[in-house]
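Visitor: Chain residues, written in single-letter form:
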Amino acid sequence: MTMLTAFCTIAAVGILLIILTYIALQGVTSLSVAFLIDSPKPVGEGGGIGNAILGSLVLLLLASGIGLPVGIAIGIYLSEFGAGKFGSMVRFVTDTLTGIPSIVTGVFVYTIVVIPLRHFSALAGGIALAMIMIPIVARTTEEMIKLVPHSLREGALALGAPQWRVTMGVVVPAAASGIATGAMLAIARVSGETAPLLFTAFGSRFFSYYLDEPIASLTVQIYNYAISPYDEWHAQAWAATLVLMTLILSINIAVRFVTRKKF
Amino acid sequence: MTGNSEDPDDKLKFVGLWARLLNAFSPTGNPGDAMFRGLLFTAALLSLLIVVGMIVALAGQSMLSIRQFGFSFITGTDWNPVKGQFGALPFIYGTIVSSLIAILISVPLSLGIAIFLVEQAPTYLARPLGFLVELLAAIPSVVYGLWGIFVLAPFLRVHVEPPLQSWFGWLPFFQGPITGIGLLTGGVILAIMVTPIISAIVRDVLTAVPSSQREAALALGATKWETTRVVLVNGAPGIAGAVILGLGRALGETMAVTMVIGNRPQISLSLFAPSYTIASVIANEFTEATEDIYLSALVELGLILFFVTFVVNAIARLLVWNVTRKTGGVGRAA
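First to last, the sequence lines map onto chains U and R.
By the numbering used here, the letter at position 104 of the first sequence is numbered 104, and the numbering carries on one by one without gaps.
By the numbering used here, the letter at position 195 of the second sequence is numbered 195, and the numbering carries on one by one without gaps.
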């Protein structure tokens, strides 16, 4: 029996290693400095993913700017005041929100942002990604704050501090590293999202950082190149994937390394 | 005016009202506390508003399509936007079948992984292996799609589908031309994607089963495998929750499936035939939908997907919560 279960584990780990090795081998062949800073060009003329890297950074900054404060605030609410009925309702809804397909989030943001503004925009893309971040950040924040020992709270309250000083001055700083890891994991998660960007940020073949215009992103660029009929673009898709995976894996491994001793 | 006598009263009333308002938010009566709690409450309220907003916005946008097609939208088999035919059954079929294939493959695999990591492997192996399995969940959907197009689909076309056809070709599921692009490939890629999710939750569930159960079984002379069976029975509701959660994820997965399933709105018994899912058709056709009714039909598909995944997730969460909360385990899985 142990043989069988061990085989299952080895199969899963094997698939992971096969995928990662394949990405590394395929991606490294088209990777160059020019590829990282150029904007896309027609087939046969090279071109790069510089605009997509910039676009992804803009989208992630925007999403973090909206999603992190709201998510962390919900997490603090749940851990400090979330004992009642309203708290469990919010907890249930955030949990369920993590399971809503990201493409549905895309459709939702299309109806509330793109239709009123009448065009695709980086803003819409950022809002869609933020909406995916919020429930993830909220739940990890809550779990992390719950790990803070109760004696810390009691000590601060006994010194006469009002509750908000206790929470913001003592409890949250004590859980800060855990909250930060949750935030990093949420950023890693949304940096790989494609579906919600297709009809919000849309994509672009030019450098842009304007929030009210369509903007490129690594993931949408990978998708467009992957389904194109050109070998050159396929090679570029693999190289762009290598860049994206390097970002995501380094966040995941760094988080693992930092939290290994603590939790 | 008799203001002299009324002013202090008014002031008192106002102060009383303000105090009550403050107290509603903070029993300690500190104004900072009230503001703090109000701010956090607003954020928490926002999460409810997002869900309510989703329902209202999606339902509002799909009204046109709901009014025009009614129930025939779900039962119609023809999807031809040019002719104004919008029948969603092929997408519903493709979504359900690809997800079922994914569940059939990933559930035994995930159970094996979870049992190995929790019950059998020593800690120094279980921790790094568990991390590696969880890393599978960190790979983005679009990357799975890219790998699916160029590696998995050719592999299945050459090494898996022909033997399946020669052994089981008498079944309608394994007939027809072999292209490597179709329901089976979509299902397999989904299976790889949901395995880390299901196995992570099953691990939590198994960890939450009290050790006294294992000790009791061992004390009664049960073998290691019989003990594991006792643990599995104990965690059964949680495991069911994990499977349903994986199903919910598979139903809504978009990019990877879109890239390998073939994107043809047809209902075919053959698993080798190209198909289409709800999420894929939204991803592919949303920006092309120039007519109001076309867009409305696509939003209605989104609404259907929202309701199905919401209900599936709600059921799963309740099952998993019941197991991991009762025994005091910390829910690690997101």
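Simulated from the structure, these hints should not be mistaken for lab results.
We put the beta carbon where it would ideally sit given N, CA and C, even for glycine.
Treat the hints loosely; a few may be bogus.
Just some of the chain U residues that point at chain R, by a computed CB distance under 10 Å [as the list claims (entries may be wrong)]: (1) L4; (2) A6; (3) C8; (4) L16; (5) Y77; (6) V90; (7) L159; (8) E193; (9) T219; (10) Y223; (11) I248; (12) I251.
Below 25 Å or equal to it, Euclidean Cα-Cα: the simulated SDA-like pairs (lysine to any residue) are [stated by the list, open to error]: (13) R:K224 - U:P173; (14) U:K146 - R:L45; (15) U:K85 - R:E134; (16) U:K146 - R:E134; (17) U:K85 - R:I55; (18) U:K85 - R:L45; (19) R:K224 - U:T2; (20) U:K85 - R:G53; (21) R:K224 - U:A11; (22) U:K85 - R:F41; (23) U:K85 - R:A314; (24) U:K146 - R:F168; (25) U:K85 - R:K224; (26) U:K146 - R:A208; (27) U:K85 - R:F310; (28) U:K146 - U:P173; (29) U:K146 - R:G53; (30) U:K85 - R:F131; (31) U:K146 - R:K224; (32) U:K85 - R:D9; (33) U:K85 - R:T287; (34) U:K41 - R:T287.
Visitor: Give a verdict on every hint.
Guide: Tested hints:
1. L4: The hint holds - L4 (chain U) has a Cβ within 10 Å of chain R, the shortest such distance being about 6 Å.
2. A6: Status holds, d = 6 Å.
3. C8: 3 Å, holds
4. L16: Cβ of L16 (chain U) sits 5 Å from chain R, so the hint holds.
5. Y77: With a closest approach of 4 Å, the Y77 (chain U) hint holds.
6. V90: 5 Å, holds
7. L159: 14 Å, violated
8. E193: 7 Å, holds
9. T219: T219 (chain U) check passes; min Cβ-Cβ to chain R is 5 Å, inside 10 Å.
10. Y223: 5 Å, holds
11. I248: With Cβ-Cβ at 6 Å, under 10 Å, it holds.
12. I251: The hint holds - I251 (chain U) has a Cβ within 10 Å of chain R, the shortest such distance being about 8 Å.
13. R:K224 - U:P173: 45 Å, violated
14. U:K146 - R:L45: 21 Å, holds
15. U:K85 - R:E134: 33 Å, violated
16. U:K146 - R:E134: 23 Å, holds
17. U:K85 - R:I55: 22 Å, holds
18. U:K85 - R:L45: Roughly 13 Å between the alpha carbons, so the hint for K85 (chain U) and L45 (chain R) holds.
19. R:K224 - U:T2: Holds. K224 (chain R) to T2 (chain U) sits at ~10 Å (cutoff 25 Å).
20. U:K85 - R:G53: This hinted pair holds, its Cα atoms lying about 21 Å apart.
21. R:K224 - U:A11: 23 Å, holds
22. U:K85 - R:F41: 13 Å, holds
23. U:K85 - R:A314: Status holds; Cα separation ~17 Å.
24. U:K146 - R:F168: Cα-Cα ~54 Å, so violated.
25. U:K85 - R:K224: Roughly 42 Å between the alpha carbons, so the hint for K85 (chain U) and K224 (chain R) is violated.
26. U:K146 - R:A208: Answer holds: K146 (chain U) to A208 (chain R) is near 18 Å, not above 25 Å.
27. U:K85 - R:F310: 20 Å, holds
28. U:K146 - U:P173: 13 Å, holds
29. U:K146 - R:G53: 30 Å, violated
30. U:K85 - R:F131: Between K85 (chain U) and F131 (chain R) the Cα gap is close to 35 Å, so the pair fails against 25 Å, i.e. violated.
31. U:K146 - R:K224: 35 Å, violated
32. U:K85 - R:D9: 37 Å, violated
33. U:K85 - R:T287: Answer violated: K85 (chain U) to T287 (chain R) is near 41 Å, above 25 Å.
34. U:K41 - R:T287: 23 Å, holds
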